[in-house]
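Required output: the full structure, derived from the provided sequences and hints.
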Amino acid sequence: MNDEIENYLQGIRQWIIEALDDAKAENILELDIRPFTQIADWMVVASGTSTRHVMALAERVREAGVKHSLKPIGAEGESEGEWVLLDFGDLIVHLMVPATREFYDLEGLWNERLGLQLSRARGQQVEGSTEV
1 MNDEIENYLQ
11 GIRQWIIEAL
21 DDAKAENILE
31 LDIRPFTQIA
41 DWMVVASGTS
51 TRHVMALAER
61 VREAGVKHSL
71 KPIGAEGESE
81 GEWVLLDFGD
91 LIVHLMVPAT
101 REFYDLEGLW
111 NERLGLQLSR
121 ARGQQVEGST
131 EV
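In the working numbering, the protein residues as written are 1 to 132.
Check each hint, because a few of them may be wrong.
[Stated by the list, open to error] Quick list of the computed label-pair ranges, beta carbon to beta carbon:
hint	residue 1	residue 2	range
1	G108	P35	12 to 22 Å
2	R52	D21	12 to 22 Å
3	E18	T49	10 to 20 Å
FYI, nobody ran anything at the bench for these hints, they're computed from the structure.
Each residue gets a CB set at the ideal place from its N, CA and C atoms; glycine is no exception.
If you want it as structure tokens, here you go:
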């Protein structure tokens, strides 16, 4: 991947994470999945405290996208709010209530299926992931 694309993706991740942090998202985690799949380069996973909070987080990410002239190419789950997926092409955002996040355990799935060593300890950086 060339530097221009990498810088572009880093910028997208940065404003998504800032939008989530400003909206009080919990346990924000970004996963570099480039070595393991072609569906996307990065995933951002975060929790909301309730379905309303998850829906508000999704709206905040959409609003930030408008400011940066970018909108998701796909979205799922916005009417229910248990798990909202926003697909920005090379970056996928997963927003979930804690029970859904624990049940589906995306971090564990990537760990199990792809051998990533992900840490759930907030602030501990591990190869292949960055927790914000």
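Ascending list of hint numbers which this structure does not respect
none
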